Amino acid sequence: MTPRFSYGRIAHVVLWCGLAVASLWVSIPKIYSGATQYPLRPSGPLHTCDSYLKFATGASGASKDVISIFHSMTVSKRIIIFTRKDDAFSSGLGMTTAYLASPHLVRLFEINGTHPDIELSKLNPDEVAAVVFCRMNRPAWLPAGKVFGSGLEVIPMSEKVRR
Amino acid sequence: MSALALLAAFGALLVAGYGLLTLLVRQDTRFSLTEQIAFSWLLGTGAVSLLLWIFGLLVHGALLPALVGIVCLLLGFVGWRRMVPRPLRRKRNLVEIFLGIIVFLEIAIVFYLSFVHTLGWDGLLNWEIKARYAFANGGVLPATYFSDSGRSFSHPEYPLAIPFTELWLYFWLGEADQFCAKTIFPIFYVVGIFLLVALGKRLAGRTWIGLLMAAFLFFVPQITVEVGSAIGGYADFPLSVFYLATIGCLFCAAEQGNAAFFRLYAACLALLPWVKRDGVILWTVAAACGVFVILRTKRSPLFFLGFLPGLLIICGWHFYLSTKHALQPADFLPVNLEALGSHLYRIPPLLSAFLAEFYNLPTWSLFWFVVAVGVVYLLRRMRDPRVLVLLAALIVPIFFYLLIYVFSSWPSYLDHVGLSISRLLMHVAPVGFLITILAVSRRREKNPARVREGGVVTCIMAGSERTPVVELA
Chain A
0 MTPRFSYGRI
10 AHVVLWCGLA
20 VASLWVSIPK
30 IYSGATQYPL
40 RPSGPLHTCD
50 SYLKFATGAS
60 GASKDVISIF
70 HSMTVSKRII
80 IFTRKDDAFS
90 SGLGMTTAYL
100 ASPHLVRLFE
110 INGTHPDIEL
120 SKLNPDEVAA
130 VVFCRMNRPA
140 WLPAGKVFGS
150 GLEVIPMSEK
160 VRR
Chain B
0 MSALALLAAF
10 GALLVAGYGL
20 LTLLVRQDTR
30 FSLTEQIAFS
40 WLLGTGAVSL
50 LLWIFGLLVH
60 GALLPALVGI
70 VCLLLGFVGW
80 RRMVPRPLRR
90 KRNLVEIFLG
100 IIVFLEIAIV
110 FYLSFVHTLG
120 WDGLLNWEIK
130 ARYAFANGGV
140 LPATYFSDSG
150 RSFSHPEYPL
160 AIPFTELWLY
170 FWLGEADQFC
180 AKTIFPIFYV
190 VGIFLLVALG
200 KRLAGRTWIG
210 LLMAAFLFFV
220 PQITVEVGSA
230 IGGYADFPLS
240 VFYLATIGCL
250 FCAAEQGNAA
260 FFRLYAACLA
270 LLPWVKRDGV
280 ILWTVAAACG
290 VFVILRTKRS
300 PLFFLGFLPG
310 LLIICGWHFY
320 LSTKHALQPA
330 DFLPVNLEAL
340 GSHLYRIPPL
350 LSAFLAEFYN
360 LPTWSLFWFV
370 VAVGVVYLLR
380 RMRDPRVLVL
390 LAALIVPIFF
400 YLLIYVFSSW
410 PSYLDHVGLS
420 ISRLLMHVAP
430 VGFLITILAV
440 SRRREKNPAR
450 VREGGVVTCI
460 MAGSERTPVV
470 ELA
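Here the protein sequences come in this chain order: A and B.
Just so you know, we're using numbering that gives the first Met the number 0 here: the first sequence kicks off at 0 and counts up by one.
Just so you know, we're using numbering that gives the first Met the number 0 here: the second sequence kicks off at 0 and counts up by one.
Only chain B is shown next, with the shape it has when bound in the complex:
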């Protein structure tokens, strides 16, 4: 019975997400099945959690999931009427089949691991706690929760994408269930895999490179088995998947006239601050990259409206917290010039702590070394604005993360770094995979005539190289 309820809950999420995907893509661009599933999941979790929060301001109890369910059905109806076009199937070669089997086995292992492990510390006490309390209170977080000093350890100010996705499952299950709540996290892993495969295909023009990178995601211990990994119920891996989708779409949106990817970029961008507070930093970086792309490709100023949903979510959430008199987070000092000036001495030790993390082999294996090699490869292609975007999306958040520890209010700021740095770096790790894909493929040097358009590699042409059907369409 629980399995059926879970399937129904996931089905509703995917249906709602698919409806949104069709509205955003408008049959302009072909999307593979894996892309459609991945974006449907991301948009579905974002939309359902937002709807639960917004409708929860007006109603609670049984009416709340019913209302959200109706919206999911309506979106599903829209999706059914509009259907995103898919490229025609082509025959897979042996390498792709072999890599596909490897990736499938890895996914099975990640599901197994997520059931073997309990929710991690933050997974329970920062995220699931909100779902449980909201479920017990008719779908709305109790007002006392935000101002209860005894529960400040659970960060009441954290946003609700993950907890309210868990809440959605609880509504379908009819009870708060920590075991079932874990199921959403391996699904985010699957979505990350699908995105890497799909973006690998779009960026490199070859499916096997995407599959190979997706297979290697499993071999980064921080993502699979370490504290805060994809299976522990933390928001960090889901955030990294949203960031991967955002930056991947922006890379493809840099193509002139490809507005479908820009709309998808704007949707994923808006959800970054809704997944985790640190998402505001990623939102800032990804939005700056978006501004760069808009200006560089001389697009209509109307494209700037794409930043509005994210701003609305950031401001809306902060306004909501202030109306609830939520306790201020105690982990960081107020960010101002005075605090910065008096804590500048922390920068050198922070730099060494970050550097030490990059060659922390038990946590990252050789991942950062491989990414560094990829970055060196791409330095020759810095004139391509899309490569610049990828490099900025990888490197700038790391500097911001380093900077926020300057404002740490922990008695030992290096302990603060030690506890959270690996999870913060995980946010940008999938973008590191995109860089590696580009570096491994070496497309521009290999065949410049086919992939250049005014000195810029193009996603649409990259697609047409391997799928003649797209050109016919």
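The following block holds chain A by itself, in its conformation from the complex:
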């Protein structure tokens, strides 16, 4: 008959209890800060996009307005989105806009600097429904479009602009 409490058994229990306590000691501060970091956000069908747009531009509840602008345009034409290469916010904003631009096809231009004149001059305006600038300057020769917060501008390509 083996004794109920052998040294091996005691060592086993001490080892795993020690590991458990150490794990909790390391984890709890991280979990606590992660869990208390964010307040409750409003729910809604576009709540993630709204949060992203608010984070990047400061505009609240902008997703719905962005979608309605794109919906008013000819579906067969592309949406052109300009983002800055060195700017993660601009890139994220561009992808969020591309997400919202469905069912239009989109084309993302990631450019160095903040002036997309060269790329714009290469586009065929008849195939473009709108041009979007994400944290970039709109060229002076383009008319002002709909601005969302600071950094997102959507310019529908009307007949006037094409001329």
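Quick caveat, the hints were computed from the structure, so don't treat them as lab data.
Please read all numbers here as calculations on a predicted model, not as lab measurements.
Any given hint could be a false lead.
[Unchecked claim] Derived list of chain B stretches under chain A, where covered just means 3 residues or more per stretch with a C-beta under 8 Å from a C-beta of chain A:
(1) 33-41
(2) 73-81
(3) 120-128
(4) 132-142
(5) 145-153
(6) 166-178
Even glycine gets a Cβ: it sits at the ideal position worked out from N, Cα and C.
Based on these hints, arrange chain B on the given structure of chain A.
Frame of chain A; chain B shown alone:
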């Protein structure tokens, strides 16, 4: 109203999954309620998403969810007629009740966190985007989506288990709703918890060990609060739960004559590549483990047919992508000997990056250290093929993941590693918990006479140790 629609959508998923579970288990083996819920959810999400995709090749619009709903009802009817037997209830002890309360509180916190957080970056732009576009197009992804270079960032080639589960919710809700889509992810956490408890009970023979491990799952920051965690809408945690189910079932299937677990293993295995592209790697490893178990336990060659569903899904999805002229993923170079030879110099830096990740305390706490201790414990039991399977299921995918970064086409492959390594390691983390369960329980040394059968620990005997009812049955 939305809550009712969500409940109905989840109910349909669970009913379909339960029907499949009864077909697979065939009243051969008793399954606890937690196991039945867990497997019903996994099989239900897999089946409904697959049905939406397959029926979507033929019909779209209102007919698509109606057809899938009819199949769910039929499966539910099958489930109702066959019912999986459950072990009789036994009285819980105080430790189990205490741990159960802790686990319940943790689940409540995970639900709270998932509502507080938005969908993560990939959760929105890789996964939910597909559900939204398919919903807007009558349940079928638009053909232009696959070839639209402007949306290549959303990886059109990724498989559809998660997005089409979200799509199923959207059909019931009547609109695409990012907030409601998040609800499926804490449910995967609950399923992971249920599986750990149930497998802990089967592997260790004690409920409290399973409950303890399930409680500790919450304390791995990568799983609860980090980027790509269980709450962010990423496919990585669901994939890890499918992998846990696959390997757990294989462990139990290694028992001679326990074909019910092998059928469940084959079903979960088939769904791995349907959850995420990386699932193909996990499928390869888990299938190799399955081949090992079949050969080692001298089973009928018919068991090899269990690999067919997974192969069909892999080939079917690739064929579908080629017919849609889907853009090729740009994250990796073509995998060939030439590319391997010219990028071998990356292996040492990759190894150090992986090692650094293992002791990244803010992300993993002491999890990998604990698993390493567990592995050392199990080295003495390497003659047991099931222990070998567990160790291979943990370690081999990590080596494969290391190897794929050799083919990274990112300008800085170490940036690529830094962005995704923690999520990849999460795929095998629940298997690490299984190893820890075995190590903590030390069953073989403790009571070898009761649990050995030809030198092999057995799931059925492990079950009978603690539930005399199973023996009577």
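Outcome of the hint check:
Counting residues of the segment 33-41 of chain B whose CB lies closer than 8 Å to any CB of chain A gives 0, which falls below the minimum of 3, so the coverage claim is violated. Interface restraint, the segment 73-81 of chain B with chain A: violated (0 residues with C-beta to C-beta distance below 8 Å; minimum three). Given as covered by chain A, the segment 120-128 of chain B passes the check, having 6 residues with a CB less than 8 Å from a CB of that chain where 3 are the minimum. Counting residues of the segment 132-142 of chain B whose C-beta sits closer than 8 Å to any C-beta of chain A gives 4, which meets the bar of three, so the coverage hint holds.
Figure legend: the segment 145-153 of chain B, annotated as covered by chain A; annotation consistent (6 residues with Cβ-Cβ distances under 8 Å, at least 3 required). Residues of the segment 166-178 of chain B with a Cβ under 8 Å from some Cβ of chain A number 5, which satisfies the need for three, so the listed coverage holds.
Checked against the numbered hints listed earlier, the structure breaks hints 1 and 2; every other hint is satisfied.
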